[in-house]
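Asks: Based on these hints, arrange chain B on the given structure of chain A.
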Amino acid sequence: ETGVTQSPTHLIKTRGQQVTLRCSSQSGHNTVSWYQQALGQGPQFIFQYYREEENGRGNFPPRFSGLQFPNYSSELNVNALELDDSALYLCASSPPERSTGNEQFFGPGTRLTVL
Amino acid sequence: SQELEQSPQSLIVQEGKNLTINCTSSKTLYGLYWYKQKYGEGLIFLMMLQKGGEEKSHEKITAKLDEKKQQSSLHITASQPSHAGIYLCGTTGGSYIPTFGRGTSLIVHP
Chain A
953 ETGVTQSPTH LIKTRGQQVT LRCSSQSGHN TVSWYQQALG QGPQFIFQYY
1003 REEENGRGNF PPRFSGLQFP NYSSELNVNA LELDDSALYL CASSPPERST
1053 GNEQFFGPGT RLTVL
Chain B
147 SQELEQSPQS LIVQEGKNLT INCTSSKTLY GLYWYKQKYG EGLIFLMMLQ
197 KGGEEKSHEK ITAKLDEKKQ QSSLHITASQ PSHAGIYLCG TTGGSYIPTF
247 GRGTSLIVHP
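Top to bottom, those sequences are chains A and B.
Each residue of the first sequence is one higher than the one before, counting from 953 in the numbering used here.
Each residue of the second sequence is one higher than the one before, counting from 147 in the numbering used here.
These are computed hints drawn from the structure, not numbers from a lab.
Some clues are possibly wrong.
Here are a few chain A residues that sit away from chain B, every Cβ distance over 10 Å (derived from the structure) [to be verified]:
#1 L963
#2 E1005
#3 E1034
Derived lysine-lysine pairs resembling DSBU-like cross-links, with alpha carbons at most 30 Å apart [stated by the list, open to error]:
#4 K214/B x K163/B
#5 K182/B x K197/B
#6 K173/B x K214/B
#7 K965/A x K163/B
#8 K215/B x K163/B
#9 K182/B x K965/A
Computed from a predicted model, the values in this text were never measured in an experiment.
Note that the Cβ used here is the ideal one computed from N, Cα and C, for glycine as well.
Just chain A, same shape as in the assembly (with noise of 0.2 Å):
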């Protein structure tokens, strides 16, 4: 069974470009969650996709956008970066029973340095 599977590994961008991030959910999960998870902080939530459609949206601008496709592979884009976007982000996917009150299975991250 492959787990969570994210990439880049690393990443650097300069300030206003766009970045897209992507993940692969663990087999037979249908629901992925990303989070921003900046340096000495915990993981904050920016949004879930469940079934391709955004299920739950954290505390972050437009400029965040997510997609899930089909397989339940999903994207993150970031427009007009900005300095504190720097971060490790991480995607976790979930299996079909209620997603976030269950268990997540989380990628090793992806680091993006904007300068």
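Replies: What follows is chain B alone, placed relative to chain A:
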């Protein structure tokens, strides 16, 4: 919004020592999760607690949720270098928005 406060922020112990990490919620907990994170990596699920007074153990790690469901503790017995990492508590609260504490950094000296 619900907030989780963890204490201590960091902990350095000698191998073989016991330790406890606390997680206090600003509101009633409807499910409390403990995760472990190695520096710069993803989170690994440890345990989930739902009922007041519930206690679960996995190997040398025990987690408890107090009766009033506003505090949880994670206890490690006879710590080993493999226990080193960041321990995070998390919850979904009544709104189903996942919330995490800031984490407790644990270093275990051999």
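Asks: Decide, hint by hint, whether the structure agrees.
Replies: We went through each hint and held it up to the structure:
no.: 1; hint: L963; verdict: holds, 14 Å
no.: 2; hint: E1005; verdict: holds, 15 Å
no.: 3; hint: E1034; verdict: holds, 21 Å
no.: 4; hint: K214/B x K163/B; verdict: holds, 29 Å
no.: 5; hint: K182/B x K197/B; verdict: holds, 21 Å
no.: 6; hint: K173/B x K214/B; verdict: holds, 10 Å
no.: 7; hint: K965/A x K163/B; verdict: violated, 44 Å
no.: 8; hint: K215/B x K163/B; verdict: holds, 28 Å
no.: 9; hint: K182/B x K965/A; verdict: holds, 29 Å
When the structure is compared with the earlier hints, a violation turns up for hint 7 alone.
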